[in-house]
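Protein chains: 2
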Amino acid sequence: MAQSPDNDGDSRPGANRIVLAHGGGGELTRRLLAERIVPKLANDLLAPLADGAVIDPPPGRLCMTTDAFVVQPLEFAGGDIGRLAVCGTVNDLAVMGAKPLALSLALVLEEGLDLDLLDRVMDSVAAAAAEAGVVVATGDTKVVEYHGAGGMTITTAGIGTLPANMPPDAGTIAAGDAVLVTGLLAEHGLAVMTARKGLGIRTTLRSDVAPLSGLVAAMLAAGGQVKFMRDPTRGGLAGLLADLSEQIGRNIEIDEQAVPLSPAARHASELLGLDPLTVANEGKVVAVVAADDAEKVLAACRGRALGKAAAIVGRIGQVSNWPLVELLTAAGGRRIVQRPYGEELPRIC
Amino acid sequence: MAQSPDNDGDSRPGANRIVLAHGGGGELTRRLLAERIVPKLANDLLAPLADGAVIDPPPGRLCMTTDAFVVQPLEFAGGDIGRLAVCGTVNDLAVMGAKPLALSLALVLEEGLDLDLLDRVMDSVAAAAAEAGVVVATGDTKVVEYHGAGGMTITTAGIGTLPANMPPDAGTIAAGDAVLVTGLLAEHGLAVMTARKGLGIRTTLRSDVAPLSGLVAAMLAAGGQVKFMRDPTRGGLAGLLADLSEQIGRNIEIDEQAVPLSPAARHASELLGLDPLTVANEGKVVAVVAADDAEKVLAACRGRALGKAAAIVGRIGQVSNWPLVELLTAAGGRRIVQRPYGEELPRIC
Numbered sequence: 008m009a010q011s012p013d014n015d016g017d018s019r020p021g022a023n024r025i026v027l028a029h030g031g032g033g034e035l036t037r038r039l040l041a042e043r044i045v046p047k048l049a050n051d052l053l054a055p056l057a058d059g060a061v062i063d064p065p066p067g068r069l070c071m072t073t074d075a076f077v078v079q080p081l082e083f084a085g086g087d088i089g090r091l092a093v094c095g096t097v098n099d100l101a102v103m104g105a106k107p108l109a110l111s112l113a114l115v116l117e118e119g120l121d122l123d124l125l126d127r128v129m130d131s132v133a134a135a136a137a138e139a140g141v142v143v144a145t146g147d148t149k150v151v152e153y154h155g156a157g158g159m160t161i162t163t164a165g166i167g168t169l170p171a172n173m174p175p176d177a178g179t180i181a182a183g184d185a186v187l188v189t190g191l192l193a194e195h196g197l198a199v200m201t202a203r204k205g206l207g208i209r210t211t212l213r214s215d216v217a218p219l220s221g222l223v224a225a226m227l228a229a230g231g232q233v234k235f236m237r238d239p240t241r242g243g244l245a246g247l248l249a250d251l252s253e254q255i256g257r258n259i260e261i262d263e264q265a266v267p268l269s270p271a272a273r274h275a276s277e278l279l280g281l282d283p284l285t286v287a288n289e290g291k292v293v294a295v296v297a298a299d300d301a302e303k304v305l306a307a308c309r310g311r312a313l314g315k316a317a318a319i320v321g322r323i324g325q326v327s328n329w330p331l332v333e334l335l336t337a338a339g340g341r342r343i344v345q346r347p348y349g350e351e352l353p354r355i356c
Numbered sequence: 008m009a010q011s012p013d014n015d016g017d018s019r020p021g022a023n024r025i026v027l028a029h030g031g032g033g034e035l036t037r038r039l040l041a042e043r044i045v046p047k048l049a050n051d052l053l054a055p056l057a058d059g060a061v062i063d064p065p066p067g068r069l070c071m072t073t074d075a076f077v078v079q080p081l082e083f084a085g086g087d088i089g090r091l092a093v094c095g096t097v098n099d100l101a102v103m104g105a106k107p108l109a110l111s112l113a114l115v116l117e118e119g120l121d122l123d124l125l126d127r128v129m130d131s132v133a134a135a136a137a138e139a140g141v142v143v144a145t146g147d148t149k150v151v152e153y154h155g156a157g158g159m160t161i162t163t164a165g166i167g168t169l170p171a172n173m174p175p176d177a178g179t180i181a182a183g184d185a186v187l188v189t190g191l192l193a194e195h196g197l198a199v200m201t202a203r204k205g206l207g208i209r210t211t212l213r214s215d216v217a218p219l220s221g222l223v224a225a226m227l228a229a230g231g232q233v234k235f236m237r238d239p240t241r242g243g244l245a246g247l248l249a250d251l252s253e254q255i256g257r258n259i260e261i262d263e264q265a266v267p268l269s270p271a272a273r274h275a276s277e278l279l280g281l282d283p284l285t286v287a288n289e290g291k292v293v294a295v296v297a298a299d300d301a302e303k304v305l306a307a308c309r310g311r312a313l314g315k316a317a318a319i320v321g322r323i324g325q326v327s328n329w330p331l332v333e334l335l336t337a338a339g340g341r342r343i344v345q346r347p348y349g350e351e352l353p354r355i356c
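Protein chains in written order, with my numbering: chain E, 8 to 356; chain P, 8 to 356.
One should not assume that every hint holds.
[What the hints assert, rightly or not] With a Cα cut of at most 25 angstroms, we get these calculated SDA-like pairs of lysine to any residue:
no., chain 1, residue 1, chain 2, residue 2
1, P, Lys106, E, Asp63
2, E, Lys106, P, Thr148
3, P, Lys106, E, Lys303
4, E, Lys106, P, Ala57
5, P, Lys106, P, Thr168
6, P, Lys106, E, Thr148
7, P, Lys106, E, Ala54
8, E, Lys303, E, Tyr348
Just so you know, the hints here were simulated from the structure itself, not pulled from any lab data. Remember, it's a predicted structure, so these values are computed and weren't measured experimentally.
Please work from the sequences and hints to get the whole structure.
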């Protein structure tokens, strides 16, 4: 086992840190939940604290999704692991075209975690859930011994109601369809990366982490044919389009100059030697829209705060046995956009 | 950061261990999922590998639940973290009276994890899901750097369909109602504890981890009035009854001699200095049944393999402002059963 946390060796229950006993299922567990976790999430579904929540969904199909969050550091410019955990799962539902109904929240806390930090994260969970219009219906909390592994991980799962015409059908994608992104790319990954100690990078970058249900609803309400939506998290736009071109068996072409990037993101990417197309986002959607409807859906995006910097960045190409994503560079050249091989940014979400 | 895993410093992708690059969202992530995870869970809901699974539930209410699993060691007599993760969530649904419909599975893998171990755990997830008659509909996999924190944690969430008369209503519990347990207690916690290196305890104990949906269905089909069900995991029978007596504001009385305990569990508890009533179980239900129906429900339990050692262990007492759980000891005395204060057995589930 690794060394104990550096709080002067004080891991008595009185000290303001998580101790192993908080996870034992006894009196201290009861108090941790009753005093620091449940009150922040207050809602009718969670209130009975039974082994599960009772949910009365409207008739029809459901969408279910889950995500584990291991981001380091736990707090960064623009958000924290709590906001990330809620938004990540809400956004997976949103891009499937589902309306979020309920979330579950499982915490794995490391001995030594500062309870004030836990309080801030739980406040953030509550605020993000309210912003997304969803409740945390059920949860679990475990405690593990100190190993310097980062303090906490959060896993959320979510269910949402799925309208009859959802999810969008990528099988209908055709040559000429527009590839749209809803705003500035790479902000989340770069904000987390530059928040890490020791890098010494000063930047105005903030994570874009936000719940996208409202933006997606506006896009779908625009009356255009939206054929595909996904949020470009790990692997970024490059990873997403590589997956998509393989899935639909078509080339995809991207205009480098059309990709929305802030000067700060461009600068930080250069400093870190990263391709911003491969960097994670947590508040953006990539959509494929029928060519004739693209401007309409773009306008719907730009009418929302979270979609102001939306842009059409490329188009779907021909069917191919070896489908490729190609970037038309600012200099007038072409280069193949590859799925990143491995880990450019560990623990970014 | 802690030291690297002791695989001769070899963390190249070719080595048979998890490396950080497996979690980056790129090519190695794609291969890990496609080669080692998705094929084992094969089902129609998971197949599209979209951001979420599309589920078509029967009309009516749902139950949703989640659990994080941090057990150490990852494999122990009678099970492993994969079987535990599936059964834990299936059982939370079962004791709510819900029929499991779909699970989500989120893995957090530590750099250095043996891929053969991961394969065994995924086989175990698949086998337990088949045994419980439920599918893993959606999932997520993250990788964190090596800290010697134990190799992996798993978080499952589950949804199930809830019949109109479920969950059981603890509000109807009355004096004289029977407290029933469905089998031998403390087997899971003691099997995990004695599996830990360095303790040097030899025992025949095996974890009782098993999906309880079938047993619960049989209990409910017996035609008796089942007023409460819960699985006595962390905190054991003692923690569960302390919570229940507080919730219903009544005393509860337990007969020590009626509590089903194997000689091996009795022996291991004594060696470890543990009260078996506070030790975790993963394949048992505690139920409160109307007095007149108790024998009927007991017989239904005993008719199933997982309920053969079921017993009525006590009864509900009078309303009290300071409700207590009392143990009638084998020696003819009485002692108060207390909720364990903290952590008797860290990382037991």
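Structure-based check of all given hints:
1. A distance of roughly 15 angstroms separates the Cα atoms of P/Lys106 and E/Asp63; the hinted pair therefore holds under the 25 angstroms criterion.
2. For a cut-off of 25 angstroms, the pair hint linking E/Lys106 to P/Thr148 stands: about 24 angstroms separates their Cα positions.
3. Our distance criterion of 25 angstroms between C-alpha atoms is broken by P/Lys106 and E/Lys303, whose separation comes to about 44 angstroms.
4. With a C-alpha separation of about 16 angstroms, the suggested pair E/Lys106 and P/Ala57 falls inside the 25 angstroms cut-off, and the hint holds.
5. Restraint check for P/Lys106 and P/Thr168: satisfied, since their Cα atoms lie roughly 5 angstroms apart, inside the 25 angstroms limit.
6. Between P/Lys106 and E/Thr148 the CA atoms are separated by roughly 24 angstroms; this keeps the pair inside 25 angstroms, and the hint holds.
7. Under the criterion of a C-alpha separation no larger than 25 angstroms, the hint pairing P/Lys106 with E/Ala54 is consistent with the structure, at around 22 angstroms.
8. The suggested pairing of E/Lys303 with E/Tyr348 is violated, with an alpha-carbon distance near 36 angstroms, which exceeds 25 angstroms.
The structure fails to meet hints 3, 8 from the earlier list, while all remaining hints are met.
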